[in-house]
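Colleague: Chain B: place on chain A using the hints.
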Amino acid sequence: MVHTFHPYFDPAQAAAFNEIAIEKDSTFEFRYFPLHGYGAATRVILAASGAKFSNVVPTDWAAEKPHTPFGVMPLLREISADGKTTINIAESDAIERYLAEKFGMAGDNAFERTVVNSYVNNSNDLMHHIYMKFFTVKDPALKAEAKEQLLNGPIAVWIKYNEQHLAANGSNGHYIGDKITIADIKAAHMVEVIRGVKEDAITDESAPALLKVKTTIDSIPSVKAWRATDEFKTFSERNLRTFGFA
Amino acid sequence: MSSPSRETASTFELTYFDLQGFGAPIRTIFAINGTKVTNIVPADWAAEKPLTPFGVMPLLKETSVDGKSTIHLAESDAIDRYLVKKFGMAGDNVFEENIINSYVSNTNSLQLRIFMKYYTVRDPALKTAFVEDILGYIDIWIKSNERQLVANGSNGHYVGNKLTIADVKAAYMVDLIRSLKEDAITEESTPALLKVKTTVDSIPSLVAWRATEEHEAYSEHNFSLFGYK
Numbered sequence: 361m362v363h364t365f366h367p368y369f370d371p372a373q374a375a376a377f378n379e380i381a382i383e384k385d386s387t388f389e390f391r392y393f394p395l396h397g398y399g400a401a402t403r404v405i406l407a408a409s410g411a412k413f414s415n416v417v418p419t420d421w422a423a424e425k426p427h428t429p430f431g432v433m434p435l436l437r438e439i440s441a442d443g444k445t446t447i448n449i450a451e452s453d454a455i456e457r458y459l460a461e462k463f464g465m466a467g468d469n470a471f472e473r474t475v476v477n478s479y480v481n482n483s484n485d486l487m488h489h490i491y492m493k494f495f496t497v498k499d500p501a502l503k504a505e506a507k508e509q510l511l512n513g514p515i516a517v518w519i520k521y522n523e524q525h526l527a528a529n530g531s532n533g534h535y536i537g538d539k540i541t542i543a544d545i546k547a548a549h550m551v552e553v554i555r556g557v558k559e560d561a562i563t564d565e566s567a568p569a570l571l572k573v574k575t576t577i578d579s580i581p582s583v584k585a586w587r588a589t590d591e592f593k594t595f596s597e598r599n600l601r602t603f604g605f606a
Numbered sequence: 003m004s005s006p007s008r009e010t011a012s013t014f015e016l017t018y019f020d021l022q023g024f025g026a027p028i029r030t031i032f033a034i035n036g037t038k039v040t041n042i043v044p045a046d047w048a049a050e051k052p053l054t055p056f057g058v059m060p061l062l063k064e065t066s067v068d069g070k071s072t073i074h075l076a077e078s079d080a081i082d083r084y085l086v087k088k089f090g091m092a093g094d095n096v097f098e099e100n101i102i103n104s105y106v107s108n109t110n111s112l113q114l115r116i117f118m119k120y121y122t123v124r125d126p127a128l129k130t131a132f133v134e135d136i137l138g139y140i141d142i143w144i145k146s147n148e149r150q151l152v153a154n155g156s157n158g159h160y161v162g163n164k165l166t167i168a169d170v171k172a173a174y175m176v177d178l179i180r181s182l183k184e185d186a187i188t189e190e191s192t193p194a195l196l197k198v199k200t201t202v203d204s205i206p207s208l209v210a211w212r213a214t215e216e217h218e219a220y221s222e223h224n225f226s227l228f229g230y231k
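Protein chains in written order, with my numbering: chain A, 361 to 606; chain B, 3 to 231.
Next up, chain A with everything else stripped away, as it sits in the complex (with noise of 0.2 Å):
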């Protein structure tokens, strides 16, 4: 039994966190595998907020793991501008959160940052129920009974109750306002997993406004640069390959 903190949270290293919590300059070494899964939309908020990043594949994942916090990925190393502050974050929840804050992603007041935490956790129940029941299901009798029960089910709720929310706020790409949260990238992103178990799932007809909000983000420059990457690509390609979309 270890007895010390891990070094993610040892409690020294507090004041030096919440300076560099609030820096924007920083550089980024996003640890994940080599695809998109959980890791998919820290990359895209690092994007587009125009951040210093990188992304590093373990070469010994099972040697490095038990190093860990919690034995999984992804994790987030922040390097301060000066050189002199690293962090590490662990759990993709906690990165995003983390990363949204500092990137004025998370809302502006109170208010908004319920909203948006309101529509990021209706986005992330329905990414676990797919991921759990659907993309690591392997026996084809379940994940085809799975792809039934989630079309009809909790995609079409979520696809519906989502359209309603963005129409309501004019269709313009955004949950909020005209400002780009956390809440329209975890949407563009559940528009790409929902079309992982049925392509046509989301079309111009049936989803136009959840559309909108994936177009919008596809279309930031710096996160159009990402997505024209190799590296994306190989993403892409490994993912089709474990999960069947890219």
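Please keep in mind that the hints were generated in silico from the structure rather than gathered at the bench.
The beta carbon of each residue, even a glycine, is placed where N, CA and C say it ideally should be.
Take the hints with a grain of salt, since some may be wrong.
To give a feel for the contact side, a few chain B residues facing chain A, derived at Cβ under 8 Å [what the hints assert, rightly or not]:
1) 75
2) 77
3) 80
4) 84
5) 95
6) 96
7) 100
8) 103
9) 104
10) 108
11) 114
12) 149
13) 150
14) 152
15) 153
Modeller: Same frame as chain A, but now just chain B:
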């Protein structure tokens, strides 16, 4: 809504099924803070569903103390976060918030896995197969959580001396784990986690809530549907 979100003297209504499920953490947060919440079970959920933001419960309604403003919140995680911020259970700075978010996220992942791969699965053969799988994840969860708790002084808390949502979530996870494997959490093997549970469980206002008939009814219903209280 910037200042009202700090207001704790409001009136609260929680709309949810009459079981523990995703309503339990929310009701626990209220109970811990000695704040009354009225639990509303929809008479006709099918009819109400389309009028809600996402077609799901729980839903929280808060009316200001002067009765002049009412707000509505949806999505259990958004409600949790709103309330813990209001009641000062979210950590006092970004560093603490991050630790709490990390442990809560990790605990939620395990909870989800247990729900999705075990409690909502009908096929007994699949269920048995999953237990093996899940015990592996539980093992890892226990190790990483014991580590933080021991390093923090085995005082029943994840961060300093303060009660946070990380404590509350971990206490629930202890119950959930024990429903799968009674002896996975013991004084010998996991003293610090047990300490979190006993610390949360002994908060007087929480003890009082759990002694109510209403709470008992939710537990019974939960047990009959899912097999755990």
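Colleague: Which hints, by number, does the structure contradict?
Modeller: Every hint satisfied by this model.
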